[in-house]
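Peer 1: All chains, please: the whole structure from these sequences, using the hints.
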Amino acid sequence: MDLFHNLAIGFSTAAQPANLLYAFFGCLLGTLIGVLPGLGPLATIAMLLPITYALQPDSALIMLAGIYYGAQYGGSTTAIVVNLPGESSSVVTTIDGYQMAKQGRAGVALSTAAIGSFFAGCVATLALAALAGPLTAAALLFGPKEFFALMILGLILASVLSSGPFIEGIGMVVLGMLLSLVGTDLSTGTQRFAFGIPQLFDGLDFVPLAMGIFGFAEIVKNLEQDDKLSLVTQKIANLFPTREDFRRMVPAILRGTALGTLLGVLPGGGAVLSSFASYTLEKKLSKHPEQFGKGAIEGVAGPESANNAGAQTSFIPLLTLGVPSNVVMALMVGAMNIHNIQPGPEVMTKNPRLFWGLIVSMWVGNLMLLILNLPLVGLWVKLLTIPYRYLFPAIMVFCSIGVYSINSGTFEVYEAAIFCVFGYLLIKLQLPAAPLLLGLVLGPAIEENFRRAMVLSRGDVSVFLTSPLSAALLVAAAIAIVLLMLPTIRSRREEALQE
Amino acid sequence: MLSAVRRTAERQELQRWDLKGLAWVTGSVALFALLLFPLGLMGALFVLIVVSSKASPEFTWTGALANAAVLITLCLLVFVYGLGLQLPVWPALLN
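Protein chains in written order, with numbering that gives the first Met the number 0: chain A, 0 to 498; chain B, 0 to 94.
Just so you know, these hints were derived from the structure itself, not from any lab.
Restricting the straight-line Cα-Cα distance to at most 25 Å, the calculated cross-link-like pairs of lysine to any residue (SDA-like) are:
hint, chain 1, residue 1, chain 2, residue 2
1, A, Lys283, A, Glu243
2, A, Lys286, A, Val249
3, A, Lys349, A, Leu2
4, A, Lys220, B, Trp23
5, A, Lys349, A, Leu54
6, A, Lys381, A, Ile370
7, B, Lys53, A, Leu425
8, B, Lys53, A, Arg388
9, A, Lys220, B, Val46
10, A, Lys220, B, Trp60
11, A, Lys349, A, Pro56
12, A, Lys286, A, Asp244
13, A, Lys381, B, Thr61
14, B, Lys19, A, Ile417
15, A, Lys381, B, Pro56
16, A, Lys101, A, Lys293
17, B, Lys53, A, Leu382
18, A, Lys427, A, Gly170
19, A, Lys381, B, Thr72
20, B, Lys53, A, Tyr387
21, B, Lys19, B, Thr59
22, A, Lys101, A, Gly292
23, A, Lys101, A, Phe291
24, B, Lys53, B, Ala68
25, A, Lys220, B, Pro56
26, A, Lys101, A, Thr279
27, B, Lys19, A, Tyr413
28, A, Lys381, B, Val69
29, B, Lys53, A, Glu223
30, A, Lys220, B, Val49
31, A, Lys381, B, Ala67
32, A, Lys381, B, Thr59
33, A, Lys381, B, Leu64
34, A, Lys220, B, Lys53
35, B, Lys53, A, Tyr389
36, A, Lys427, B, Gln14
Predicted model only: the values in this text are computed from it and were never measured.
Peer 2: Structural data, given as structure tokens:
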């Protein structure tokens, strides 16, 4: 059995003491930032990116992945105990989780979330392992025109699935792609938009940009709203769900896992979309929709399973096709670039130990998270008593040192300061920043594949439509746009994204 | 997008800007970059922490100074001794 053989390779990598340690460190950090509102996996991964330079590539990726799925566990704790989403993917958990806590069932809600997340994590790991082979084989058949079409489809879907109007999403994608043009043209060596600044010859680094927009500008936004934390003060006793709870949560966990596994693979998908979709689904299917919002256990079990499954399966397009499906995955591209690993089908063939090690580490990490979260929940809740005025300078310090250490230069720090102002402008204009970063990261690859396709076809643009594979991908992208124009779908989408 | 210029378009209020907070946060980052080499990591971090703390409406001097002391120690331990990053720790004059 190939799969078992591969998983065995993965285990031998993931079980190395150093990798176990970094997986644990990633999960611990992920839980920590998941619990703390106002600090997400995005800023944290961006912060740690330059520092992973010193690590082995497999350890680095294992740790960064741990932060992302670890944050899904931690986010639910804050949502349930304080009625505040620790993570944007646990927004819907606040609805029923906090109500459960108010009824004295905080412990049950927390263990429901943890059990659901763990089950979903195991299934998603298996899905990742099972799908990796066939998808990689398919990707190896792809030429430049197919990759170009695939990335166009990815960016369109990411804009369709992001919150807010489609036109804003796609506008931000295009802006990001324009920013990606800065620097030396690889085939002619011409400087583009570099204005004679030597630091821009290599292009605009996306870490300062991500840090400015998702780190610093977020801080300014958080400082504006002085939210009072309404801590549920009673002791969290009785973690064990009753038999009735189990009967109600098991189907919800199964549905949430399936939905999350599926939606995580889609470009633009991932943890956030999965949790929202799952809550809507549970409410629709429930025999007692009136209980939702008043402490229905399904409203915790479904979304919490879905967000964890989505977080993990969003690695599938990145590892097999080389196309990041959301911003966190875009940062993982950055992490791989630091270690000279080209994301895409070659990862599995050239670096099987890294590839399978990362997958198996996710299962190991989920086990660690279960232990970290259930017995230690009291400790995490204590963290929430740290006032934000002490917390945000710490974020600023870590971000600034992180940006500086990309190139050991202050130019990137100034860049981050500029993008802080830009990010704040985006927040105030209510424009989504995530598509911008995706455009920036995918821009160079799209350009390169487009040019290669043009060279191969001697400048004939019609190759994109005459090759069946790329035509199919482009048609799918067109269908996604057309569907969006249909009024019924549009109102459904707004409804789904609003809840 | 077209609907924005239509005559029937709804008038949308721009949200209020918190320019003060933005200035303190952005300014502290720029100052960090400016002062890192002249003052070293110790001085630049101190300025960064104190100036950015000003962005909070609940700023207190004791709180900011205590926070600075804790964070600078932590950074020295983690980044300089732990990870061995190449950072100018002390002011340029002392070297």
